[in-house]
Amino acid sequence: MPRALPYLLLLPASAFLLVFFFYPFGLVVVESMTRDGAWTTGNFTRMTDHWKFGQAVWNTIWLTAIVVPVQLVMALTMASVVQKLKTGRSALLYIFAIPLGISDLAAGLIWLAIFEQSGFLNSILHSFGIIDRPQLFLGYQSVWVIFLAVCLAEIWRATAIMMVILVAGLGLIPKEYNEAAEVFGASRWQRFTRVTLPMLRPSLQTALILRILMAFEVFAVVVALGGTTLPVLMGETFQWQFQLQDRGVAAAYAMVILGLSVAFSLIVLRLLHVPKGARV
Amino acid sequence: MKTGLKITLLATASALISTSLAADTLLWSTQAKPIEETQAMREQVLAGFDGEVSFEPADEGPWQTRLTAELTAGSGSIGALGALHGDFTGVSDGLSDLSAIDVSSVAPGFVELGKLGTDTQKYIPWMQATYIMAAHRQALEYLPEGADLMALSYDELVAWAANMHEATGEPRFGFPAGPQGLKHRFFQGYLLPSFTGSMVTEFRSDAAEDAWNSFLALWEHTNPASTNFSFMQEQLIAGDAWVVFDHTARLADAFNQQPDDFVAFPAPAGPAGRGFMPVLAGVAVPVTAPDPEEAAALVRYLLEPETQIATLRATNFFPVIDLDLPDDMPASVQAAGPAISAMSGADDALPALLPVGLGSLGGQFNQVYSDTFERIVLAGQPVRAVLDDQAEALRRVIDEAAAPCWAPDAASDGPCPVN
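Chains as they are written, first to last, in the UniProt record's numbering: chain A, 1 to 280; chain B, 1 to 419.
If you're looking for bench data, these hints aren't it; they were derived computationally from the structure.
Careful: at least some of the hints might be erroneous.
Said to hold, decoys possible - Residues of chain B placed beyond 10 Å of chain A at every Cβ, according to the derived structure:
id : residue
1  : E70
2  : D97
3  : K115
4  : E145
5  : L216
6  : P259
7  : D260
8  : Y301
9  : E304
10 : I309
11 : I321
12 : D348
13 : A402
What the hints assert, rightly or not - Computed from the model, here is a short list of chain A residues facing chain B with C-beta under 10 Å:
id : residue
14 : Q117
15 : T228
16 : Q245
We put the CB at the ideal spot given by N, CA and C, even for glycine.
I would like the entire structure built from these sequences, with the hints used as guidance.
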């Protein structure tokens, strides 16, 4: 085998990445720091001066801070349950993974159909006689309801992706460790926290990073449920690029999302660091 | 899409060939571009003209380029121009004086706009579209004492909404404040001009503060779900709102589906007048027209009542003159027509035009007004502080575009000032 072969095989993918990812990415970086051809921080000040910027940052961070831990716990539980099953394992796996097959906009619309004024929730409450006329849940006066609805939709939609990764991770852990712990009299909980979780760290890392990146890019679900009432970073990026036609500020927003993503990925990598010698 | 493009190309090509062969009067237009409207203009509107006309629509870019080229060359083949007010502002010097044409039947506010800030009649108003108010008939019984539906004031509108709210226990006013709603047009063309006589210059004046306070009072009686409303015809039909504001095209379904249930009426008036935002198209004659006499005759023909009605059928733009519409018009046209002519012909009519000269900054200009609304009304921030803050944003957009003032603001030399 010629020594160049691996590189040759990697070349098409690398070229693709260079042309369609790194090059446009570089353009966006430049775009965020220039205005009319001159270097400036104007795009960033214009972004931070806008009254919705602070709200957008905090809403995005809060969404991530609430959604991701809930999903982590749920995904761990679901993965453990699936792992323990003798029969019907793949059937359950498929059922859990159904929301994965739905686009995020469609997921947002499904939850909109539940929460809107003429939606399912109102019909159910009405048919039970709890309310006498349809309530407005997703109004501007109750942003927290919109926030809650977005959390629900996000949890429903994206927990499965973490679960799938964790199921794969659980499958990689050799049975002997658990059996040895059992022999020494460790309880179920002890085995989970002392054996399974540490061994699962690489998969947890992947799942968390993937999910946090997705959380910072949350967009379609928020737009479907809250319109512009609940500003998030990705929504503002879209707004500045297409509604306000200011690519510089849109690029600045993209930089903020990138910065947050990198920072949080580094934190996760650091927290779940696996020493080289301890890798399975 | 592709076939549509091909057809347009073919049509343009054939139109170019036909004009180069015959010595017709060429009507070079940015309006009636869709192929159906173009055909209707040729076959139903212009066929009745006593002379040969060739109607050729084009996008704003090519329209401007060809006109400028002919003006620069000092001779040309364009006989008459059809375009929006904003299209004419950049070529004002190339338009001949049409003061000789009788415009007594046209709403005076529009005639004034046709002068483009000069002493001569640069273009003759041709057709218009606009935003109006509509109400369910059952709302009419709550009209405040002595109020005339065809000449409401903002105070009366607020009182009306309050009456309905009190009597039915529900806020019944509806406003298109959803993401796709045209709320910014209401603030730009209706609310602010009615109180300040201005769209830009007096943005943060005391009168503007009054305007926003008046809107806050109206908002008390507005369906809070309005922040999700975009096409008010839906809420009218569903009964979620009884009195609404929107573009005529976004109200049409309500009138066409239940013609007996709804009425259309003019926008209310404030202390400075009855602000409204017409999308106004006009016809002009360039100084290089090969046959100015024939072109002027064509302009006169377009102003005739029958032609105006034929134009309405062809383009869905309303007449600029006051006339009775025939009975076979769609219900939406029947309903909106009188409201529009009452609004544009009112003594206190104050036309406020679509922004001119902003180019790609139009979105940011609109955002200033939407942000002001969201901050004052939805976020409950103090009116004075928000106006001062948003005035800065407005000034930045106007300065960046270097856009001079447009009606109703007085003409300016440089970028339109924000006081």
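> What hints, given by number in increasing order, does this structure fail?
Replying inline: No numbers; nothing is violated.
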